[in-house]
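Colleague: Add chain H to chain V, keeping to what the hints say.
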Amino acid sequence: MSLSLVVFYLLGAVCLGGAVGVVVSRNVVHSALLLLVSLMGVAGLYLLLLAEFLALVQVLIYGGAITIIVLFVIMLTRVQEFRAMKDNPQWPLAVVAALAMFVLLAAAMIKGAPSETTRQSVSFEELGSSLFTQWAVPFEVASLVLLVALIGAIVIAREGGEE
Amino acid sequence: MAPEGLTINYTAVVIAAIVGFVGMAIMFGASYLLSPKKRTAIKDMPYECGIPPAPYSWSQLHMRYYIFAILFLIFDVEAVFLFPWALVFLTSIDAVFYEMLLFIGILFFGIIYSWKKGVLQWN
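So the protein lines, in turn, are chains V and H.
Note that my numbering has the first sequence beginning at 477, numbered continuously upward.
Note that my numbering has the second sequence beginning at -14, numbered continuously upward.
The shape of chain V in the complex, shown without the other chains:
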């Protein structure tokens, strides 16, 4: 077994362990923190695939910002009224949905699995020069998307938060 395969299984175990913890934990804040573990495992997998920029994005945005948002949203709700999660009566539907998703993903992986491929590292320089020359317009559009998200969030929060 090659070294990268060992690393892959270790990181996969971290991801799966974190994900199972998210679902199993009865405390929502613990779930959010375990989600962070799972996301960091995914960042490790990106690094293993030599997708360095994706790994950076995963750590900075998912590990940093998204987890913060999730925690903030938990703290914005009235958690003291339902701090331990009860079993939801809709759980059979959730099982069906999860199994359907699993079957779909498994089928896609079995059908569309690429044969032996080699990982190719894309350096930051290559990524930067193609992002800022060939893909300059989508890059600028991304800033507009972010601006719309920002303004939308302010409009919603101000209307909802007026006392």
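Do not take every clue at face value.
[What the hints assert, rightly or not] Reference listing, derived: stretches of chain H covered by chain V, where coverage requires no fewer than 3 residues with Cβ under 8 Å from a Cβ of chain V: (1) 8 to 18; (2) 53 to 66; (3) 80 to 88.
Please keep in mind that the hints were generated in silico from the structure rather than gathered at the bench.
Note that this is a predicted model, so its numbers are computed, not measured.
Glycine is no exception: its CB is placed at the ideal position from the N, C-alpha and C atoms.
Modeller: Showing chain H alone in chain V's frame:
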């Protein structure tokens, strides 16, 4: 892909991860071994600047924090693009430099907007 490339490229990452985990384990272990274990109710109380803590450990945050979290998310996404840009803007064509200025400028409008709307006010 030979695993050698991985070991060469990411040795520093692996060392940092190991040092991080071992360091945390040592700190927690030392704190567990060295600390006196006489627990009282008042010692178990969370420390909050010396005043008795609020009735709930999870009291509801004000909606205003949400805006700051969203602002943080948006500018975090902006910051991610600065990393590849910082490596190429000196060697690439001039337009690359001004592209990022435009990108930041468009997002700066968001800051102006939130300032004008008073969401940065804290009172």
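Colleague: Now tell me if each hint is right for this structure.
Modeller: Quick rundown of the hints versus the structure:
Against chain V, the region 8 to 18 of chain H contributes 0 residues with a C-beta closer than 8 Å to a partner C-beta. That does not satisfy the three-residue criterion, and the hint is violated. With a cut-off of 8 Å between beta carbons, the region 53 to 66 of chain H has 12 residues touching chain V; three or more are needed, and the interface restraint holds. Residue count for the region 80 to 88 of chain H with a Cβ under 8 Å from a Cβ of chain V: 6. That meets the three needed, and the coverage hint holds.
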